[in-house]
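S.K.: Here is what each chain is made of, one letter per residue.
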Amino acid sequence: MGCQNMTGFVDLYSEGGTFLHRIDARVKIVAVLFLSVLAFLLSNVYSLTLLLAFIFILLFLARASLSRTWFALRFVIRFMVLIVVLWPIFDPSGTPVWATFGPVKITEPAVWRGVTSAVRVGCLACVWYILMFTTSQRDLVRALVKMGLRFDFGLALAISLRFLPTFSATIDSIKDAERARGMELDKGSLLKRSRNYVAILVPTIVSALRSADTLSLALHSRAYGARADRTYLREPKMRRQDAAALSVVIALLVVPVFFKFVLGVPL
Amino acid sequence: MESQAESEPSPVASPEPAKFVSPKTVALYGILAALTAAITIASYLPFSPTKGYFNLGDSMVFFSALAFGCRAGAICGGVGSAAADVLLGAGVYAPVTLVAKGGEGFVAGLISRSGRGKNWAVVLGIAAGGALMITTYFMAEWLFLDVGFGKALAEVPINVAQVALGGTIGAGLTHLIRKSYPSLLKG
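Chains as they are written, first to last, in the numbering used here: chain A, 2 to 268; chain B, 2 to 188.
Be a bit skeptical, because a hint or two may be false.
Unchecked claim - Computed list of lysine to any residue pairs in SDA-like fashion (alpha-carbon distance at most 20 Å, straight line):
1. Lys106/A x Gly151/B
2. Lys193/A x Tyr45/B
3. Lys238/A x Lys106/A
4. Lys106/A x Leu154/B
5. Lys106/A x Gly95/A
These are computed hints drawn from the structure, not numbers from a lab.
The whole structure should be built from the sequences, with the hints applied where relevant.
M.R.: In structure tokens form, the structure reads like this:
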């Protein structure tokens, strides 16, 4: 599935009929929050690995293709490797000592702490994509507004998500135009490349601000803000399966917390 | 909102005053957040082979803050940068970015506005906002994400370069666009 087009812009959501696509977006937002909290509360490398596996199962059930799952991991894998490598170097505590390089001691507990932290970061990075792969922008914004976001800010968020691909395309065509005039964006030092980039930023910003003007006229002409309470054509309703999913999500957080903090199981 | 309505003595006949920001502001904030995200994503690519995390998103955060004030800087910087993080596959950073870049935009806008946009105020605002951003990322990575002191420290030089370049470009952009297209910046 070509989820990445030439602008580098990635459309994360894809249509689908899995149960993760169908359940209420609010439940999915709560699930992402709770699983993130759970990742912070767990401190045992095995239970964290189990959580990571669970997140991958959910991604698999959401019919995320391999390329999409790789996208969710692409950035964070290097990050995880760096954590594992750098952690023991800065943390000389504990025994047994595995190796000594001058002032640097590599100890076994430090290595395990690094691995634990890396797995936790992996969980926190991937859990987002359960929501992003299965929820359309419209549902996401509507759910956030239903959860208490002011609807004018919700509208601003919806506008920004709507215009993101448009501006990516604008930037692309401006880049092409500048390249046709002989500008090199991929060569030279960081400083030179950044300075060349200004030639792209200025026309992009000017055209974007012009579209903001047009957009505000469009909002005006549709009587935005004419009445204080916003009405909706479709009200999202919690159905029975949403309530069931929500209770599962709550159990996912409460049960490990109970075992860890009440029964003292080292999770 | 509900608690306010309860505390008001006569809510009966008086029509509730519209509590939204104006359509112009909604459109502007949406567009600026989209622009921040788009530029972060687009500028991430040409720099990616050499510098990993480096991007020019900060220039847009500073531009929003300097041209349209601290609220625009906070909302557009925070939301736009966080959205870019999710879309680049770095979702683990998104909550931290929301706070760090939002704070950066807020402080830069606040200081430059209270100094009436004079040069020293702009420089001070960018420096203070940038320092806040770098500190937030460092503290969040070290204490909150718990990635280890070494990894958190390794990020600091990249962030410093990002603020230095982003701040220069952002201030320059504000100056250029204010000079050439003054009508566009009347927020």
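S.K.: Next step is simple, just say for each hint if it's right about the structure.
M.R.: Against the structure, the hints come out as follows:
A hinted pair counts as satisfied when its Cα atoms are at most 20 Å apart, and lysine 106/A with glycine 151/B qualifies at roughly 14 Å. At roughly 15 Å between alpha-carbon atoms, lysine 193/A and tyrosine 45/B fall within 20 Å of each other, so this suggested pair holds. Straight-line distance between C-alpha atoms of lysine 238/A and lysine 106/A comes to about 57 Å, which puts the hinted pair past the 20 Å bound. At most 20 Å may separate the alpha-carbon atoms for a hinted pair to count; lysine 106/A and leucine 154/B meet this at roughly 19 Å.
About 10 Å separates the Cα atoms of lysine 106/A and glycine 95/A, which keeps this hinted pair within 20 Å; it holds.
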